[in-house]
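Asks: Sequence:
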Amino acid sequence: MLYDPAKINALITDLEGYKTNITTERTNADDSAKKLLGQAWQSGDAGASASFQQKHNTLMTDMDDLLLILGKGIGNVRAALEKAQATDQHVADDFVW
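At position 85 of the sequence shown (counting the first as 1) the number is 405 in the working numbering, and the numbers step up by one without a gap.
Simulated from the structure, these hints should not be mistaken for laboratory data.
Check before you lean on any hint, since a few could be wrong.
FRET-style restraints, in silico, Cβ to Cβ [stated by the list, open to error]: (1) G358 - Y323: 48 to 56 Å; (2) Q373 - Q409: 48 to 56 Å; (3) N341 - W417: 44 to 52 Å; (4) L331 - H410: 18 to 26 Å; (5) S371 - Q405: 48 to 56 Å; (6) D334 - D385: 17 to 25 Å.
BS3-like, lysine-lysine: derived pairs with alpha carbons at most 27 Å apart [said to hold, decoys possible]: (7) K327 - K392; (8) K355 - K392; (9) K339 - K375; (10) K375 - K392; (11) K355 - K375; (12) K375 - K354; (13) K375 - K327; (14) K355 - K339; (15) K339 - K327; (16) K403 - K339; (17) K354 - K339; (18) K403 - K392.
Predicted, not measured: the structure shown is a model, and the values here were computed from it.
Ideal placement from N, C-alpha and C gives every residue a C-beta, glycine not left out.
Generate the whole structure from the sequences, applying the supplied hints.
Replies: Written out as structure tokens, the structure reads:
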């Protein structure tokens with residue numbers, strides 16, 4: 321099997337960057353929603369704020385699911401690289417006499 325550890329490590333770095341960015345955006349969205357809902361409740365518009373809250377909760381759940389998938393993907397790519405490198409080392413060790 322042909323693989324390039326540098327490219328795989330770059331992929332891991334990219335995935336970790338995406339996860340960091342999505343985590344930041346999730347935090348920003350949640351903070352903004354709390355501020356918006358606080359203002360909506362003060363204005364007495366319970367219907368609109370309840371609808372927004374429902375959509376916001378769905379968004380947060382979807383983002384949490386995405387972050388979980390990204391985390392698993394990062395772990396799987398890293399594990400695959402480690403396994404490939406360990407296999408390479410094992411094969412190389414077989415040729416050392």
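Asks: Are the hints correct? Go through all of them and say.
Replies: Verification of the supplied hints:
{"no.": "1", "hint": "G358 - Y323: 48 to 56 Å", "verdict": "holds (51 Å)"}
{"no.": "2", "hint": "Q373 - Q409: 48 to 56 Å", "verdict": "holds (54 Å)"}
{"no.": "3", "hint": "N341 - W417: 44 to 52 Å", "verdict": "holds (50 Å)"}
{"no.": "4", "hint": "L331 - H410: 18 to 26 Å", "verdict": "holds (24 Å)"}
{"no.": "5", "hint": "S371 - Q405: 48 to 56 Å", "verdict": "holds (52 Å)"}
{"no.": "6", "hint": "D334 - D385: 17 to 25 Å", "verdict": "holds (20 Å)"}
{"no.": "7", "hint": "K327 - K392", "verdict": "holds (19 Å)"}
{"no.": "8", "hint": "K355 - K392", "verdict": "violated (32 Å)"}
{"no.": "9", "hint": "K339 - K375", "verdict": "holds (22 Å)"}
{"no.": "10", "hint": "K375 - K392", "verdict": "holds (26 Å)"}
{"no.": "11", "hint": "K355 - K375", "verdict": "holds (15 Å)"}
{"no.": "12", "hint": "K375 - K354", "verdict": "holds (13 Å)"}
{"no.": "13", "hint": "K375 - K327", "verdict": "violated (38 Å)"}
{"no.": "14", "hint": "K355 - K339", "verdict": "holds (24 Å)"}
{"no.": "15", "hint": "K339 - K327", "verdict": "holds (18 Å)"}
{"no.": "16", "hint": "K403 - K339", "verdict": "holds (23 Å)"}
{"no.": "17", "hint": "K354 - K339", "verdict": "holds (22 Å)"}
{"no.": "18", "hint": "K403 - K392", "verdict": "holds (16 Å)"}
Hint violations for this structure: numbers 8 and 13, all remaining hints satisfied.
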